[in-house]
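Dock chain to chain to rebuild the complex, using the hints, since each chain is given by itself in its own frame.
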Amino acid sequence: MKSEAVSWFRVQEMFRFQGFQMYGIFMTAIPTAALSIFILRKFKIKTLDGEPVQVRKKKFNWGYVYGGILFGIGWALTGACPGPIYVQIGSGLSIAIITLLSALAGTWTYSYLKPKLPH
Amino acid sequence: MLGISGTLRQVCAMCFPANIPFLKYNWKAQLWNIFFAAGLLIGGFIGGALLKPVTQMPLSPATVHVLSSYGISPQRNILPVEIFNWAHLFTWQHLVIIIGGGFLVGFGTRYAGGCTSGHGISGLSTLQWPSLVAVALFFISGILTANFLLPLLLK
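Residue numbers (numbering that gives the first Met the number 0), protein chains in the order written: chain A, 0 to 118; chain B, 0 to 154.
Excised from the complex, chain B in its bound form (with noise of 0.2 Å):
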């Protein structure tokens, strides 16, 4: 396993294994997935929280034209606070974008045996086509996704 959805299982191996056949392996011979997950959340710390950055990102004019129209104004987050906000977590909205989407981030990338990582960085480098065909698919419904349902979960 290469790549950062492994983590995932990982973690449900180690911590709610509930004898499925899928999470008995051998978790501890990838240790070196979880430390680097740690280092992911260092690295965001020392990025985010320390070196939080002091102007907006420069998003394309486009992108702010149409975010705006949907309530969401550019910051210097990485996530908009007009979604990702704890007061505004049970409306049903908030629920299908967050909880239903990182559902599907968990359940998509196991199903697909990998992620943005394991298939599009590793799997293409490596050019294996069963990568390809993962990418592409997850390309274009994330290209749907933005375009057709978040503008209708966002209205």
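Here chain A stands alone, though its shape is the one from the complex (with noise of 0.2 Å):
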């Protein structure tokens, strides 16, 4: 919330190229990721469960495209990727419930139509 990253204005500032708060948190939050992950592994911990912390190799398909260019379309009209829509609301910007919502239909809708999308 204090970084601003769930900020609409912000995000307009970064998708202009006019300010560089967004790619610092980026650039700063990559490598404190990298770095619990190799904690992590290097330490072998074990999930709640007991079982080993794992992540998932990626294989690429066509979706990653399709979808990453209409995710970066809904991204800088509403100024927030789905965690900033719960801090939004949390805020009392009660009308981003609307975004919340639109975002649960879309999902629904690609959980629908997949078999017919091409990946």
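Note that these hints are calculated values from the structure, not bench results. Among the clues, some could well be false.
Some but not every residue of chain B turned toward chain A, in silico, with C-beta under 8 Å [as the list claims (entries may be wrong)]:
hint, residue
1, R8
2, L78
3, V104
4, F138
5, I142
With the Cβ distance kept under 10 Å, some of the chain B side facing chain A (calculated, not the full set) [claimed, not checked]:
hint, residue
6, G5
7, T6
8, G43
9, V65
10, L66
11, N76
12, I96
13, W128
14, F137
Taking lysine-lysine pairs in the DSS-like style, the calculated list, with each CA pair at most 25 Å apart, reads [said to hold, decoys possible]:
hint, chain 1, residue 1, chain 2, residue 2
15, A, K56, B, K27
16, A, K115, A, K58
17, A, K56, B, K23
18, B, K23, A, K57
19, A, K57, B, K27
20, B, K27, A, K113
21, A, K113, B, K23
22, B, K23, A, K115
23, A, K58, B, K23
Note that beta-carbon positions come from the ideal geometry of N, C-alpha and C, so glycine has one too.
Shown next as structure tokens:
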């Protein structure tokens, strides 16, 4: 919340290359995640259920391309990827409930159409 | 699944599975994800409502200039009230932005198998090239949308 990555304004600034803040967040989050995963593996830390922590390898399919393009449009319009929608609602902006319901409708529609879509 | 867009699929699976194969999976095994989403809501409330910023967010002057030409002023909220507003929801431009945009977030992230957290942070930090493809494409399409499509809608 306080990093402002959930802000529509900050997202517009990022997509116009007029500010560095969002890029700074990604550039610190990615190495932090990489370091965390390295530590999890190094010390063979288990989950609460006693399972080893595994990161499943992603196999390329064309959905990454089509889906990526569609998501980018939605992200720039709403200023929200899925996480920030929850934060927006929590912060008292009740209209973000409409964004969330629309996103649920989108996920449901994808699930329904999945067998027919090119991947 | 290591990403927040997974919660959208989970809510669909919990509430309206409708016999769709993609929504029939063991979502109970990933209940932690729903707790994470609840945490985001609570965090949003603490950061955005209880500790509401007393000043406007500092934005680059270039961004302020462009947005003001669309009638959007910098403010203390994280969404511009000029667009995200119940009273103006039913103009077609705002329907496209809020409902169309929200729909594409849900549809696109599932089609791409992840979002900014699943691909951008989890995927890139584990050096998975399909995630890099997805991230590159959602950035390119976001750049085009913010610079060309959004200005048309806000005119």
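Starting from the hint list further up, note which numbers the structure goes against and sort them upward. Violated hints: none; all satisfied.
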